[in-house]
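Protein chains in written order, with my numbering: chain A, 1 to 813; chain B, 1 to 157.
Treat the hints with care, since some could be wrong.
Stated by the list, open to error - Part of the chain A face toward chain B, derived, beta carbon under 7 Å:
(1) 96
(2) 229
(3) 240
(4) 244
(5) 293
(6) 728
Stated by the list, open to error - What the simulated footprint calls covered on chain B by chain A, stretch by stretch (three residues with Cβ under 8 Å from a Cβ of chain A suffice, anywhere in the stretch; the number is not a length):
(7) 4 to 16
(8) 64 to 77
(9) 93 to 102
(10) 119 to 133
(11) 137 to 144
These are calculated hints, taken from the structure and not from any lab test. All C-beta atoms in this analysis are idealised placements derived from N, C-alpha and C, irrespective of residue type, glycine included.
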Amino acid sequence: MRLKGFNFFNPSSMTSDAVEAAKKAGASRRDFLRSAGILMVGFSVAAKAPRLMAQSSPIAPAGTVDATQVDSWIAVGADESITCYTGKVELGQGMRTVQYQLIAEELSVPMSRINLIMGVTGICPDQGTTSGSQSTITEFSPGGLRQALDTARDALMQLASEELDTPVSGLSVTNGVVWVTADPTQSISYGNLVYGRRFNLTLNANTVPKDPATWTVLGTSVPRVDIPAKATGSFTYVQNVRVPGMLHGKVVRPQTIGAHVVSIDSSSLNGMPGNPQVVQVNDFVGVVADSEWHAINAVGALNVTWSTGATLPAQSSLFSYIQSQPSADSYTVNSGDVPTQLAAAAKTFKAQYLHPYQMHGSIGSSCAVADVRGGTGKNASIKIWSSTQGPYPQRDSVSTLLGIPNSNVQVFFTDGSGCYGLNGADNVCYDAALMSQAVGAPVRVQYTRRDEMAGYGENYGPPYIVNLQAGVDKNGTIITWDYEGWSVTLGNRPSATAPNNIPTGVLAGYGPAPGATPTTTPTAPGATFSNGSNVVCNYVTGLGGNGTTGGTGTVASQRALSHTITSPFFTGPLRSPARLQNTFANESFMDEMAAALKVDPIQFRLKHLSDPRLIAVLNGVAQAANWDTRPSPKPGNASTGVVTGRGVSCVLYEGNNGYCAMVAEVSVDQGTGIITVTNMYASQDSGPISNPNGMRNQMEGGAMQGMSRALYEQVSWNNRAGIVTSEDWVSYPVYQFGYFLPQMTTVLINNPEQPSKGSGECTITLVGSAIANAVFDATGVRMRQIPFTPATFMAAKGAGQTSSLATPVHDRV
Amino acid sequence: MAAATYSLTVNGTAQTVEIDDPSTPLLYVLQENLQLKGPKFGCGLGQCGCCTVLLDGEPIRSCITAISDSAGHSITTIEGLGTVDNPHPIQQAFITEQAMHCGYCLSGPMLYGYSFIQQNPNATQAEILNALSGLLCRCHSHIRMINALVRYAQETA
Chain A
1 MRLKGFNFFN PSSMTSDAVE AAKKAGASRR DFLRSAGILM VGFSVAAKAP
51 RLMAQSSPIA PAGTVDATQV DSWIAVGADE SITCYTGKVE LGQGMRTVQY
101 QLIAEELSVP MSRINLIMGV TGICPDQGTT SGSQSTITEF SPGGLRQALD
151 TARDALMQLA SEELDTPVSG LSVTNGVVWV TADPTQSISY GNLVYGRRFN
201 LTLNANTVPK DPATWTVLGT SVPRVDIPAK ATGSFTYVQN VRVPGMLHGK
251 VVRPQTIGAH VVSIDSSSLN GMPGNPQVVQ VNDFVGVVAD SEWHAINAVG
301 ALNVTWSTGA TLPAQSSLFS YIQSQPSADS YTVNSGDVPT QLAAAAKTFK
351 AQYLHPYQMH GSIGSSCAVA DVRGGTGKNA SIKIWSSTQG PYPQRDSVST
401 LLGIPNSNVQ VFFTDGSGCY GLNGADNVCY DAALMSQAVG APVRVQYTRR
451 DEMAGYGENY GPPYIVNLQA GVDKNGTIIT WDYEGWSVTL GNRPSATAPN
501 NIPTGVLAGY GPAPGATPTT TPTAPGATFS NGSNVVCNYV TGLGGNGTTG
551 GTGTVASQRA LSHTITSPFF TGPLRSPARL QNTFANESFM DEMAAALKVD
601 PIQFRLKHLS DPRLIAVLNG VAQAANWDTR PSPKPGNAST GVVTGRGVSC
651 VLYEGNNGYC AMVAEVSVDQ GTGIITVTNM YASQDSGPIS NPNGMRNQME
701 GGAMQGMSRA LYEQVSWNNR AGIVTSEDWV SYPVYQFGYF LPQMTTVLIN
751 NPEQPSKGSG ECTITLVGSA IANAVFDATG VRMRQIPFTP ATFMAAKGAG
801 QTSSLATPVH DRV
Chain B
1 MAAATYSLTV NGTAQTVEID DPSTPLLYVL QENLQLKGPK FGCGLGQCGC
51 CTVLLDGEPI RSCITAISDS AGHSITTIEG LGTVDNPHPI QQAFITEQAM
101 HCGYCLSGPM LYGYSFIQQN PNATQAEILN ALSGLLCRCH SHIRMINALV
151 RYAQETA
């Protein structure tokens, strides 16, 4: 791709010294990674140096990539290709495409020239996990991909300025070609400027990103780059990875939760096809065979004797069990005056909200391929193909698990089924690694549905109990808000020091998973207000320990006390972890008070909010939903038959990560208890919008998944049998095709002057409360426990759960 | 177990496979013997639809269909409909509507929708939704997938 009118370097005219210099300058990125930036000629001094070498493909070196170096992120090929390296991976949320857009925007290159390498350890920067609605934020913030791109762009412009003898201010860029604005015939392409050399530059903290107001690629609904291949079946998911000599492994899990291996009768596999081999590492048991079907049949035949398992609480008494256990306690806020304010209030309110264990339940059961060579120790090595959210954390924890130095472990991120958090992706990688190490061949493991769901596959989202109290003055203004919550923990994301955070790490002998460490007195609030778990409602000032405030509301008297106990089951982050459960409680309670005070629920919220952006999303959704301003419940609805209603909810996700408001409209069949969501409206402000269609897609999927979690989902178990009984899609029902399909309206509020925020977890956070509030509006029945099944609705209606807690528990008017 | 030979037509091409267990699910034969990536393992129980293929034009769950019951039949996977460079109109409809998140479940909605709309060219949204009953999409991209199928139905009517 050479441009007319430009004199190209002729290698035959070089001196031998110049050839050597060019070789060094054009050395592959692999050498850069190995040499850690020692050898190379600096970009500015090499501006006029001969160009020779094409960009060669990077090959994995040992160790970790230096993310402060531009070359760790970007390579400009002599063929005009732009190769970028990122630690933020594609989970079905569109991060691949957004990063293509970012590269195209900041470098002014066409997307078709970009190649993006995601989540390969030793090649891509270590950006931790792709989680928590942090990926866009990370890449757009200092130290991320955007700063690397902008540093590179500045260098390219400087180089072009020297080549074209024109100040940078007199240059323009189109499609990777820099041209003299006053004379477009004078131009040079990036490829010819760089010619395969590397930048040898540190990320410049002072570089200026493109103003979102001038975006032409970002900010537009660029179609997802991966969808054509996925729609035509040609995309390689991790479940499709096949490597030469690969065998298939299947896991054999404890018969009951917490059971240990007593004995294994390997002779039970004698004569079975596929040369099945048993692998045991403490309580980890697997079978490897030449095909998946042979491995499945071998697992069915294998005779393993297990000890008695752990004692589980009865599901029916889970919430009282949680409240009876020693707990780790902490305050998020505590103004100290809540008891006196409650005592002084004209009216007080009190209610309890309950949330069950739920699971990620990825539709494609988790899968990994591991190829361990050389057993264990410093001469062994391993390659892993995994859909993990955290390639480097996985590298480091597998290193611990197998006793192989992390410099000899390479993880190749490969797209999987949507994960929504800590699904089984890391765990199944352990399974594959243990089996590959034992049999000395590459092993692919894909879970059965039961492996995935029934207690030893993924880390569940935890249950919650939230007790709320509030006091209002005689004008119906909230004067104090009190939160007390209980949840559970066991394990978390795996790390180098904690392979026991996930099930297979425990089975393999790395000790019990860490639970809660009980405290004697609650820890104090942090100096500055932090609401990462949305413990604190929208309507208080958000009081930090140093006296400053950081919340979105106006109520000064506030307390939030959280208790965490050790879970009987593995837990971990599930989309909107804790935020969803807490917001269900806070936003339902707000609605209960509005109803008791006979005030419109949106007006009641607006009255207590101070943050203009939260007010704006609330007004935005009210307008989209054509909100009928009046108190709930809806006047004139019959107490029998099918009735309709609407509910609202809003949140500043994580206290700083996206403003969102939602209205849900429902119909409720009061004869059967079936709740049908007919419409959902969501309004969201996540700062500058990178991809409007992608943002809508996330908002829609989050809303629909949230509806599934609110109406259908809970993990069930049988404590007498010692087993999780949610083992498939019949015993863990979710929303499915054929059910009523709601209409969904999304309102995007673009805020280019603000920092980028996440978009993937906002709507899901609001659905439970929006539906509960709509059900109350329709029927006067208050749903305080997720999921809202027909049976729980009928029970609540039968119990007269209409007003007993929605009316003041204490009234001094 | 002595291997038996099974012949079947896959995406228009005659194939012969050697399989030792006649109860081997068709899904594994498609994945391992024929190296296809479209049909995927989701549950192995016929509950989700990720493994859907067309058998003589009718959608079936290949995870619970034995190779012995598939032999002699014509199998179509989503690869058999079109390619990235030349997508089938139903695939183009999914692309146009950006109708997926992870896309893992796609064989179910696409092939059940394809089969139903072939037989019911003027299918309505409600009929298409009903035809997909029981299929799962865990990213909950249902609205867009139905929009894609309605688009395809309208374009082919």
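- [ ] Taking the numbered hints from earlier one at a time, note which ones the structure violates and give those numbers from smallest to largest.
- [x] Numbers 1, 4, 7, 8 - these are the hints that the structure violates, sorted from lowest upward.
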